[in-house]
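Just so you know, the sequences run in chain order A and B. Heads up, the first sequence is in UniProt numbering, so the first residue is 1 and it goes up one at a time. Heads up, the second sequence is in UniProt numbering, so the first residue is 1 and it goes up one at a time.
Hints are supplied without guarantee of correctness; some may be wrong.
[As the list claims (entries may be wrong)] Derived list of chain A stretches under chain B, where covered just means 3 residues or more per stretch with a C-beta under 8 Å from a C-beta of chain B:
# : stretch
1 : 69 to 77
2 : 415 to 425
3 : 467 to 481
Don't read these hints as lab results, they were simulated from the structure. Computed from a prediction, not measured in an experiment: that's the story for all the values here. From the three backbone atoms N, C-alpha and C, an ideal C-beta is built for every residue, glycine too.
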Amino acid sequence: MNLNLKAQKANTYDAIVIGSGMTGGMAAKELTERGMQVLMIERGREVKHIEDYDTAMKGPWEFPHRGKVSIQSAEEYWANSRFGTLANEETGEFFTDDKKNPYIEKRPFDWIRAYHTGGKSMHWGRQSYRMNKKDFEANAKDGIAIDWPIRYEDLEPWYTHVEKFVGISGQAEGWEVLPDGHYLPAMPMSAPELYFRETMMKKLNRPVTIGRIANLTKPQPWHTELGRASCQYRSKCARGCPYGGYYSSLSGSIPAARKTNKLTVLHDTIASEVIYDEKTKKAKGVRVINQNTMAVEEFFAKIVFLNAGSMNSAALLLNSKSSRFPTGLGNDSDQVGRNIMDHHLGVGANATVEGFENDYVFGQRPNALYIPRFRNWGTDKKDFLRGYGYQGGASKSDWKRGITMDGFGASFKEDMTRPGTWTMGFGGFGEILPDPSNRMFLDKDKKDKWGIPMIVFDAAFGENELAMRKDMMASAVEMLEVAGFKNVSGFNRQDTHPGLGIHDMGTARMGKDPKTSVLNKFNQVHDCKNVFVTDGAAMVSSSCVNPSITYMAMTARAANHAVEELKKQNL
Amino acid sequence: MNRRDAIQRVALLLGGTFSAPTLLAMNHWEGNAGKSASAIDFNVTDQQKLIIAEVAEMIIPRTGTPGAKDAGVPAFIVMMLQDCYKKPEHVSFLEGIKNLEQKDFLKLDDSQRTEALKQVERDTVEQMKAYQVQQTKMGDNEDREQMAAQAKGIPYWRLMKELTMLGYFTSEEGIKSSFDYVPIPGRLEMIQLKPNQKSFAY
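Work out the full structure: start from the sequences and follow the hints.
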């Protein structure tokens with residue numbers, strides 16, 4: 001294509017951010033607030049905060065299938081429907097149609113995507129835990145993969161920076177395994193949960209705390225300035241919150257970036273390649289394709305931030321070929337696309353709780369209890385590496401209990417209108433070890449409708465994960481039994497694969513050595529330092545805690561570094 | 001090219017684009033206009049529809065509050081089976097209905113109907129053991145297709161009861177008459193139940 005100089009100037013910014021989700025939003029906020037003109041490129045449709053939350057205020061009867069996934073939807077959203085009910089009418093508009101955006105599975109991978117403004121931050125689980133000091137040292141200590149090039153102390157100020165902006169409610173506990181952050185008031189625990197917390201500490205010496213969650217319990221001035229208000233305890237977060245009660249890029253970082261008047265956002269625009277300039281040995285911009293018109297265009301900037309989601313950021317690197325990088329930008333080490341990690345889940349236990357008959361809850365808590373890792377921690381030693389945490393809690397049963405009960409008729413109907421007994425359950429989130437043979441790559445022949453090579457996934461759980469899963473079920477059963485609960489039953493879903501945790505990460509890991517890693521300690525591509533990858537792709541090991549807050553902290557740190565380096569004219 | 005894509009294409013040629021709500025409306029329109037090629041026909045006779053309605057009303061009868069029929073549950077059940085369930089469930093559901101047809105269900109008096117359903121409920125315990133829907137390995141796309149080949153699904157009574165309860169307790173009539181419906185709680189509080197307190201619904 002021919003670009004005249006005038007067009008080139010019009011298409012030139014200080015920074016380009018690819019993706020508008022959890023880390024893209026944070027990159028745009030941090031860069032614009034430091035004075036940069038930023039172009040954000042989002043491949044999906046535009047979603048406007050509040051006005052496009054079409055289902056947010058609907059009553060249950062306004063959904064024809066009442067939360068069940070129709071056959072048609074299950075086919076269109078086939079990867080999503082493996083998870084369960086992601087493709088239902090309440091939230092389906094915020095997930096990606098897998099049929100229209102296909103991928104290839106050499107080994108199965110449950111790839112859950114969100115192509116629209118805000119990306120997966122629109123419906124994330126919002127659990128926000130810092131990785132601990134040992135998480136950053138674990139690979140070196142175990143001799144697994146490579147060492148992290150950073151330590152907890154490097155991220156600490158950025159965790160604080162991000163937590164304050166996002167607004168996390170929770171309880172500081174002083175536990176080494178789960179470093180405290182800056183919290184808004186904690187949400188309350190129910191009576192059986194308080195009993196459970198006390199019993200676990202007394203009998204098993206296992207800590208239990210209320211989830212640390214990105215829902216505002218007491219908004220601060222910088223939250224209300226962006227139009228955010230307190231959580232209304234509807235627990236309908238995934239539909240989009242008209243109150244801005246939970247944090248998303250759409251309610252938080254994007255409005256903050258817009259306030260600077262330095263943000264430009266393109267929607268329906270798929271970044272196909274990062275353009276490498278052989279003369280300057282730097283990236284000079286990106287090539288994009290309009291997903292509707294197929295029009296191709298180029299945009300230019302001093303720095304490029306890849307925040308497309310771990311798998312798409314890696315795919316973009318792989319598709320950016322030049323004579324300097326014939327196998328993809330930054331892929332000298334052949335590590336781009338490798339070491340896919342996630343958190344494996346679908347394993348835990350449930351029980352019924354006797355007693356606490358008169359205890360009840362007003363409002364819907366969009367949160368759970370959290371049991372931090374206790375395996376291979378302190379004096380505990382197991383025959384697998386690393387550990388897992390549990391999320392879950394108690395709830396009072398409602399009319400749904402009647403489905404599996406015997407009975408029908410007037411008294412049955414009457415009974416269903418009253419609260420039932422308490423139940424309690426936990427599901428584990430387990431750490432997955434990095435393994436270079438767990439990977440994604442681009443198909444040599446097959447292309448999508450935009451002419452971009454299709455992604456092939458080739459990953460599976462290893463022996464360590466499978467051994468850990470058995471322990472995850474057994475320990476959950478043990479805890480519920482020790483608590484004295486009844487009808488304890490464990491579960492360990494066999495139909496799960498990497499990806500289902502929606503914490504996919506690790507495809508462009510950081511490291512000290514360019515021979516074995518893709519990014520340096522500031523998330524810069526080795527040998528192409530004006531390209532930053534700050535989403536989950538950068539992760540060197542996965543910890544077992546929910547990762548978004550770590551990705552955001554890493555992004556803020558990298559953005560700060562980028563601007564400092566630009567000022568010093570090092571980029 | 002489907003209709004939605006075609007309309008979008010035209011809009012782009014004209015130099016415009018549709019807003020998200022318009023596109024959403026188009027989606028609904030399309031959904032109503034024609035089902036996807038993969039949708040499976042699930043047909044019930046008029047007599048079978050009457051049986052579905054009578055059984056639903058027996059599960060959730062009209063009392064001081066609306067019953068299943070008042071809340072439109074019978075039509076909801078048929079729609080749900082068409083839209084959300086595959087052949088295995090269609091087979092087991094129809095098997096259950098035919099069983100009631102053989103018992104001349106519609107001609108039975110109230111106590112005979114109750115006894116017939118109690119028998120169905122007892123049989124279901126055995127059926128659940130025999131049917132036992134296997135946890136299917138959904139390894140890749142093709143494995144999902146194999147799922148459809150499963151011979152039998154969840155037994156009739158469980159489907160009937162679940163869909164009746166779902167249809168009723170999420171209907172506007174059912175939810176507002178049965179529960180203390182609080183769409184915007186505004187606060188989270190641990191409380192004690194009052195005597196005869198209804199459940200909260202949100």
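For the stretch 415 to 425 of chain A, does the count of residues with a C-beta closer than 8 Å to a C-beta of chain B reach 3?
-> n = 4 at 8 Å, threshold three: holds.
Under a C-beta cut-off of less than 8 Å, do 3 or more residues of the stretch 69 to 77 of chain A approach chain B closely enough to confirm the stated coverage?
-> holds (count 5)
Establish whether the coverage given for the stretch 467 to 481 of chain A by chain B is satisfied; the threshold is a Cβ-Cβ distance below 8 Å, and no fewer than three residues must meet it.
-> violated (count 0)
Hint 3 from the earlier list is the only one contradicted by this structure; the remaining hints agree with it.
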